[in-house]
Structures are given as C-alpha cells and as structure tokens.
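**Q** Next come the chains, spelled out residue by residue.
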Amino acid sequence: MVNQDKLREIAKEVISREDVRQLIGYRPGTYGFRARPAFVTSPEETDELIFTPACVNNLATYITLEERLPVPRGQEPDTRKVAVMVKGCDSRALVQQMEEKAYERDHIVVLGIPCTGVVDMDKVEARFPNVLEKGEISLEGDKFLLTVDGKKEEVPKEELLADKCKRCRYPTPLVFDQLLDEEVARFADDDYSDVTELEKRSTEEKWAYWEKKFSRCIRCYSCRNVCPMCYCEDCVLDRLQPQWMRRSVDVSENTAFHIARAYHLAGRCIQCGECQRVCPVEIPLMELNRKFYKDVEELYDYEPGTKVEAEPLLATFKVDDREDFIL
Amino acid sequence: MAEKNSDFDPNIVAFLCNWCSYAGADLAGTSRIQYPPNVRVIRVMCSGRVNPLFVMNALQQGADGVLISGCHPGDCHYMQGNYYARRRFNLMRNFLEYLGVEPERVRMSWVSASEGAKWKEVIEEVTEGVRSVGPMDSFKRRQLNW
Amino acid sequence: MAVKKLSKDKVADALKELSKFRLIAPAKSDEVVVFSEITDPEEVCLDYGNSTVPPKKVVFPQTETLFRFVVGNPELEEKNVEEEGTTVIFGLRPCDARAMAIVDKLFSWDYEDPYYLKRRQLTTVVGMACVEPPSMNCFCTSVGGSPFGKEGLDLLLTDMGDYFAVQALTEKGEKLQETLSSHLEEAPADDEKKVEEMEAASKGKIKRSIDTQGIPEKLPGLWDNELWKKVSASCLGCGICTFLCPTCHCFDIQDEVESGEGRRARMWDSCMFSEYTVHASGHNPRPTRRERTRNRISHKYSYYPKRFEVIACVGCGRCINLCPVNIDILDILSQVVDA
Chain A
1 MVNQDKLREI
11 AKEVISREDV
21 RQLIGYRPGT
31 YGFRARPAFV
41 TSPEETDELI
51 FTPACVNNLA
61 TYITLEERLP
71 VPRGQEPDTR
81 KVAVMVKGCD
91 SRALVQQMEE
101 KAYERDHIVV
111 LGIPCTGVVD
121 MDKVEARFPN
131 VLEKGEISLE
141 GDKFLLTVDG
151 KKEEVPKEEL
161 LADKCKRCRY
171 PTPLVFDQLL
181 DEEVARFADD
191 DYSDVTELEK
201 RSTEEKWAYW
211 EKKFSRCIRC
221 YSCRNVCPMC
231 YCEDCVLDRL
241 QPQWMRRSVD
251 VSENTAFHIA
261 RAYHLAGRCI
271 QCGECQRVCP
281 VEIPLMELNR
291 KFYKDVEELY
301 DYEPGTKVEA
311 EPLLATFKVD
321 DREDFIL
Chain B
328 MAEKNSDFDP
338 NIVAFLCNWC
348 SYAGADLAGT
358 SRIQYPPNVR
368 VIRVMCSGRV
378 NPLFVMNALQ
388 QGADGVLISG
398 CHPGDCHYMQ
408 GNYYARRRFN
418 LMRNFLEYLG
428 VEPERVRMSW
438 VSASEGAKWK
448 EVIEEVTEGV
458 RSVGPMDSFK
468 RRQLNW
Chain C
474 MAVKKLSKDK
484 VADALKELSK
494 FRLIAPAKSD
504 EVVVFSEITD
514 PEEVCLDYGN
524 STVPPKKVVF
534 PQTETLFRFV
544 VGNPELEEKN
554 VEEEGTTVIF
564 GLRPCDARAM
574 AIVDKLFSWD
584 YEDPYYLKRR
594 QLTTVVGMAC
604 VEPPSMNCFC
614 TSVGGSPFGK
624 EGLDLLLTDM
634 GDYFAVQALT
644 EKGEKLQETL
654 SSHLEEAPAD
664 DEKKVEEMEA
674 ASKGKIKRSI
684 DTQGIPEKLP
694 GLWDNELWKK
704 VSASCLGCGI
714 CTFLCPTCHC
724 FDIQDEVESG
734 EGRRARMWDS
744 CMFSEYTVHA
754 SGHNPRPTRR
764 ERTRNRISHK
774 YSYYPKRFEV
784 IACVGCGRCI
794 NLCPVNIDIL
804 DILSQVVDA
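Chains as they are written, first to last, in my numbering: chain A, 1 to 327; chain B, 328 to 473; chain C, 474 to 812.
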C-alpha cells in the first residue's frame with residue numbers, strides 16, 4: 001500500500017512548484033469509510049491527503065471538467081499546470097484525453113498510484129451498516145482492514161473489492177511523472193463474461209431487461225458528468241437545436257439518451273466504471289459501455305486509453321474492416 | 328410471429344449517398360424495375376455523413392427499419408467517407424441488437440450508380456427482413472402517453 | 474382521534490381495498506425501492522429505509538403534460554388532473570410528507586399552480602413513522618421535523634411489532650380510515666403513549682445535526698466568501714441532489730411537436746445544471762459550479778425561509794448518501810456557521 005507520508009511529501013513538493021496551480025488528490029470523506037476528492041492549492045493543505053482502497057473517484061475527470069471563464073481584459077489566462085493523482089484505470093482517461101488532443105501533455109503533472117484494487121462502497125456499507133464515525137480502510141496482504149472507532153475488522157479482499165477491479169488490466173498508471181509506489185503487475189484479465197451472458201439472451205429478453213433499467217432512469221446526468229470522456233462543452237444530450245432527445249423522462253427518451261451516450265463512448269470509454277458507481281438508481285451502465293468495448297477490441301483490435309500516439313478509433317479505418325453485415 | 332407478418336407494411340427510412348446509391352436507386356426507377364414501395368429515401372452527400380444517431384432517432388420516431396447505402400469501398404466520391412461509415416454502423420448495429428433491436432432493422436449496403444438491379448434486391452431483402460420482425464415497438468415515442 | 478390497530482396479517486387486504494384508488498407505495502425494481510403504482514398488493518415493500526426518488530413525483534411528476542394542441546387549431550386541450558382520480562400514497566416517511574407541505578407554500582403563493590394543487594387535493598398521504606432513522610445521515614430533527622412528524626400527513630402508521638398503530642390526522646385521513654374500517658380494530662389504550670415514547674427513542678438515535686439558528690440571516694453576507702469555491706470544487710454539476718431532494722421543485726417547460734400535433738410539458742430541472750440560467754444571449758449569470766452551489770444552499774437555507782418562514786430542507790439525507798463525490802450539506806452548513 002502507498003506510504004501516506006511519502007504521498008504527502010511528494011504532494012507538498014509538487015504544489016510548492018511555481019508552475020503548478022492546483023493538485024487534485026483524495027482526502028477522508030465526511031462520514032463512515034468514504035473518501036472524497038481534495039483540491040489543494042497550498043503546501044499546508046497536503047496534510048489531509050490520503051490514498052486508500054476507499055479512494056474510488058476517478059480524478060481525471062476534473063482535468064476536463066474545469067470551467068474556464070473568459071479572462072477579463074488586461075489579465076493573462078492562468079496557464080499553470082494541474083497536478084492529479086491517478087490510479088491505473090484513471091490514468092487511461094488521461095491518455096485518452098491526450099490522444100484526442102483535449103490538452104497538451106505539459107498541462108498536467110501526473111502522480112501515478114499503482115493500485116491493487118478499490119472497494120465497492122455499497123458492499124462496504126452493506127457489510128458495516130450505519131457507520132457514521134470516520135473510518136479507514138487499508139490493505140493488509142489479501143485482506144481489507146477496516147478500522148473505525150478503535151475497532152478493527154479484517155475482511156477477505158474478494159468480498160469488498162469493486163467488480164471492475166476483478167477484471168483490471170492496467171493496475172499501474174500508463175502515464176505518470178512520478179509513481180508513488182512500486183509498480184503492480186497485472187493480476188486480472190477481462191473475459192467480458194457479463195456482456196456475453198447478455199448477448200446470449202433472446203431479443204425479447206434483452207429488451208425486457210433494458211426497458212426495466214431505462215424506465216428507472218431519472219436523467220440526472222450524473223453518469224455523463226462523472227465520465228472523464230464526456231467533456232463536450234455543447235453536449236449532444238443537452239442540445240435544443242436540434243433536440244436529439246427530449247427532456248421529458250420516459251422509456252423512449254431515456255433509451256435514446258443511453259444509446260447516444262454509449263455510442264459517443266465507443267472506442268473512448270476507458271472502463272473506469274464511475275458511471276455505474278454514481279448512478280442513483282443502479283442502472284448497469286458498464287454492461288452498455290462494455291458491449292462497445294468488447295466489439296471494438298474484437299472487430300478493430302483497439303483498446304482506448306493505452307497509447308497517447310494512437311489514432312482515435314472512429315477517425316481511422318482499415319481497408320479490410322469487417323463488412324459481412326453489408327448487403 | 329404469424330400475426331406480425333400478415334398485414335404489416337413496414338416503414339423503412341433509407342439514407343442514400345448522392346453519388347452512388349441515390350443514382351443507383353434512380354436508375355432502378357428509370358429502368359422501370361418494380362420493387363416494394365416501403366422505403367422512404369433521404370439523400371445525403373456521402374454515407375460518411377450519416378450520424379449513427381440518425382438510426383436511433385428514426386427508430387424512435389416510428390421507422391420500422393433503417394437502411395444506409397453508400398458507394399463500394401474504394402469508390403467513395405470523397406475517398407474515405409464510406410470506410411468511416413462502415414465502422415460506425417457495424418458498431419451501432421451490434422449495439423442495438425444487444426439492446427433488443429433486431430439486426431434486421433438496421434441494414435447497410437453498397438450500391439453503385441449502375442446497380443439498379445442490385446437496388447431492387449437490396450430493397451426486397453430489407454423489406455422482407457423488417458416485415459418478418461414486425462413493427463418497431465420497443466423504444467418508439469408513444470403519442471398515446473400524452 | 475382514537476388510535477386504531479391494523480394487524481400485519483391484514484395489511485395485504487387493506488392494500489387491496491386501497492387499490493380501488495390509484496395506490497402508490499414502495500416497491501422494488503431489482504434492488505431499488507421505487508414509489509410505484511401498485512396493481513398487486515404483494516409488490517408492496519414496507520420494510521425499507523427510504524426510496525431513492527422521493528414520492529414528490531406523485532404530486533409533482535417528473536414529466537407532465539400541461540396541454541395538448543393541434544397545429545392550426547387555436548383551441549387547446551388542457552390536461553385534466555381529475556382524470557387521475559383519487560390517489561393514495563401509502564408508506565412514505567414523515568420527512569417526505571413534510572416536504573410536500575413545505576413545497577405547497579410555493580405552489581400556492583403568487584401563482585396557484587392548478588396542476589400541483591389539484592393533485593394535492595386528490596391525494597391522501599399515509600405515512601410510516603421511522604421507528605429507526607432510515608439512514609445514518611438523517612437529520613430531520615435539526616430542521617424542524619421528526620421521525621414521527623405529522624406535518625403533511627393524513628394518516629400515520631407506526632410499526633408496533635405485529636401490528637401498525639393507525640392515527641388519523643386530518644379529515645382526509647379520517648375518510649380513508651373509514652374506508653379501511655373493516656380491516657381495523659381498536660388499539661390498546663396506551664398505544665398513543667407508546668408511540669410518543671417510540672418517537673423520543675427514535676429522535677435519540679439520530680446522530681447527525683446542525684444548529685440552523687442564524688443561518689438564513691448569515692448566508693447573504695457570505696456571498697463572496699472563499700468557502701463556496703472550496704465546497705463546489707469537486708461538484709460534478711449533475712442533478713442527483715436536486716432530483717432526489719423532496720423539497721426541490723424547479724422545472725422546465727418545453728413544447729414537443731410531432732407531425733402537426735404536440736403538447737406543452739413540464740419536467741424537473743436542476744439548478745446545478747450548467748444551462749439552468751443560460752440566457753438566450755448566451756450569457757450565464759451563474760457560470761460555474763461555485764455560483765450554482767452557493768445559489769442552491771442559499772435558496773434552501775435563506776431565500777425560502779425569508780419568504781415562507783421554513784427552511785426548504787427536511788433532513789432526509791438523500792443528497793448526502795447519493796452525492797457521487799461526497800459533498801455533504803451538513804459539512805457545508807458547518808462551514809457557513811464557522812465562516
């Protein structure tokens with residue numbers, strides 16, 4: 001596990017640099033075992049930074065989420081860098097953002113954290129309900145150690161690990177300026193079994209499954225806002241001229257919303273799983289995005305967020321691309 | 328399935344590229360080739376102009392099927408438009424199938440300006456395919472809910 | 474009115490009786506508890522903490538038609554809310570009912586919203602007291618509520634073990650109790666006192682609190698304070714806090730036209746969305762999440778109390794539980810108090 005003191009020391013060094021405007025990391029949450037994002041602008045604030053298996057957020061989304069207001073006359077825009085702490089999966093978001101030229105490499109300072117997996121907070125809160133006091137989660141070998149109010153409990157890692165971590169291919173960040181810990185070798189792989197299981201169902205079963213999920217959607221747009229790849233200033237899902245999906249909330253518009261969003265992530269989704277984590281009504285969004293992910297890998301041998309120099313999937317083609325579906 | 332087929336007249340929207348497919352369809356017309364009247368044509372300059380979300384939108388508005396037709400690979404008037412379209416629609420079709428939209432509803436074809444006869448075959452196949460899966464229902468906009 | 478008793482083995486029959494109205498009660502969609510229209514009483518799940526989406530959607534639907542029109546025809550077909558018929562919301566928590574009473578003030582203020590008010594008139598609200606606080610983040614007692622609160626409710630049910638104690642609180646409640654009279658019995662004489670004791674016990678179990686004294690007056694003075702930038706830094710600008718809040722009530726109105734006919738519809742909107750205050754010119758007076766967060770907190774804890782003398786927050790804790798980045802309203806308020 002990452003040495004917390006070393007992490008803070010490095011963070012202090014980075015934020016003290018003249019060319020760094022802010023550092024985005026994690027700090028303890030406001031209750032229970034939660035952790036939350038920290039936005040540090042001075043060396044003193046680095047004392048509260050942590051990295052534990054509770055740090056589930058993908059901080060890469062904040063690089064593109066930042067609102068840039070027009071600069072008043074006579075002032076120069078602030079071109080200083082933003083430092084960000086990323087796990088393996090999060091770093092792929094940075095890679096993909098740079099692949100798409102969202103910003104230049106020298107805009108960010110990347111503090112990479114090789115990760116052995118984070119918890120699924122729902123599983124933690126189901127296992128330890130009603131914990132209000134601030135608690136800590138740490139990793140001891142193959143067990144999570146949960147400490148709260150002086151009491152400790154060990155839980156086998158498997159039981160609390162987030163599902164996405166069980167199929168993680170890139171635990172060590174793919175882009176970094178500094179690594180805050182030893183590299184972690186790949187410990188899992190992805191067989192897309194959740195997608196193939198759904199693919200086997202009949203047409204009626206598939207639609208029945210998705211209709212149930214989409215009719216729960218309340219169009220809070222949390223999935224889109226948390227996604228590091230959804231950073232269009234004029235999002236297709238919001239547009240009124242033309243209006244692709246109406247603002248009314250019903251199965252038809254909700255389905256259109258999810259089709260459009262998933263399609264816009266084809267060849268771009270880097271599998272951080274945040275969309276599914278944040279959905280308040282538990283729509284299995286990763287099952288949607290992973291269908292594209294699997295198809296993109298099988299049809300076009302492409303994995304988003306792995307090489308900054310790669311060409312975006314749908315901006316390229318091969319002359320011998322599959323066309324067995326074409327009349 | 329039987330009731331789906333009987334009196335159902337599919338409503339199919341087709342996006343045809345101006346240089347090849349539209350011309351090919353026009354040739355079928357001038358050659359007086361008879362083919363099912365179920366397809367409504369929207370002319371676009373290139374199959375690469377077709378946004379996959381048009382497919383979603385058409386189905387949402389009540390189209391029973393969507394056809395995108397362009398130039399053969401290598402013959403695109405704009406060099407590469409149809410290559411991009413090929414990737415897009417492969418992905419979109421697979422995804423819609425995953426959601427429970429029959430693949431017979433989303434079709435793509437290469438029809439060149441001289442292939443009036445092929446156009447007839449494409450229309451026949453697409454129409455029969457859509458007829459066999461019945462009217463589009465799943466995420467169609469429902470006027471009645473108003 | 475005297476407390477009645479509804480045995481747990483009679484609940485299914487009582488619900489069947491209520492299904493002759495439009496019955497809305499908590500039911501499960503996969504693992505998510507949703508207030509749904511009930512056709513089969515077996516679907517009802519009363520053993521739940523609180524629903525994700527509050528029952529405000531029953532009287533203030535997420536999407537509703539205001540009127541229909543046909544292009545070329547100057548006559549409009551107004552939505553007749555009466556057609557929805559008498560509605561019973563069964564089993565909601567006192568905070569959600571109190572929220573309706575709070576929002577009532579706005580919808581009957583300078584413009585009496587006919588759709589909302591008609592629905593409120595047609596709806597009888599049957600509450601389920603919180604014998605235990607449903608969530609560790611509940612703080613209803615800090616904002617004037619209670620786990621056994623009666624405000625906004627027509628009937629209150631309290632789980633006494635193998636039966637529910639039923640208390641009618643309003644005329645509507647009495648009428649509904651009449652409808653259910655064949656399923657009800659007399660409750661033990663000391664039930665009323667027992668319920669009071671249970672209320673005190675439940676209040677004692679609420680762990681989170683904030684002293685709201687002075688906050689409404691203090692907020693306007695903090696307009697330029699640094700704290701807004703800090704608390705909004707991690708905000709994603711989604712609509713979770715607003716859509717899941719039982720007192721939030723902002724809406725957008727859009728016209729939807731297709732093939733010569735259309736409708737004007739109203740749907741929920743969120744002050745946290747970036748386009749919420751975008752003007753036709755493109756200017757946005759609340760351009761960043763800092764302004765929008767400041768607005769949301771100020772609206773709930775300052776503007777609304779100034780006008781209606783009640784804080785527009787019932788302490789249900791949904792925003793705390795479900796905010797993806799753990800932005801915590803109690804954390805913000807304690808920073809306001811300290812500022």
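Since the hints were made in silico from the structure, they are not lab data.
Don't take every hint at face value.
Stated by the list, open to error - For lysine to aspartate or glutamate, the following DMTMM-like pairs were computed, each having C-alpha atoms within a straight-line distance of at most 25 angstroms:
| no. | chain 1 | residue 1 | chain 2 | residue 2 |
| --- | --- | --- | --- | --- |
| 1 | C | Lys-676 | A | Glu-133 |
| 2 | B | Lys-467 | C | Glu-537 |
| 3 | A | Lys-206 | C | Asp-804 |
| 4 | B | Lys-467 | A | Glu-199 |
| 5 | C | Lys-703 | C | Asp-804 |
**Q** Against the 25 angstroms threshold, does the CA-CA distance of B/Lys-467 and A/Glu-199 hold or violate the hint?
**A** Holds. B/Lys-467 to A/Glu-199 sits at ~22 angstroms (cutoff 25 angstroms).
**Q** Against the 25 angstroms threshold, does the CA-CA distance of C/Lys-676 and A/Glu-133 hold or violate the hint?
**A** Roughly 18 angstroms separates the two Cα atoms, so the pair holds.
**Q** Has the given pair, A/Lys-206 with C/Asp-804, been kept, meaning a C-alpha gap of at most 25 angstroms?
**A** violated, 43 angstroms
**Q** Are the Cα atoms of C/Lys-703 and C/Asp-804 separated by 25 angstroms or less?
**A** holds, 12 angstroms
**Q** Given the hinted pair B/Lys-467 and C/Glu-537, is their alpha-carbon gap at most 25 angstroms?
**A** holds, 18 angstroms
Consistency with the previously given hints fails for number 3 only.
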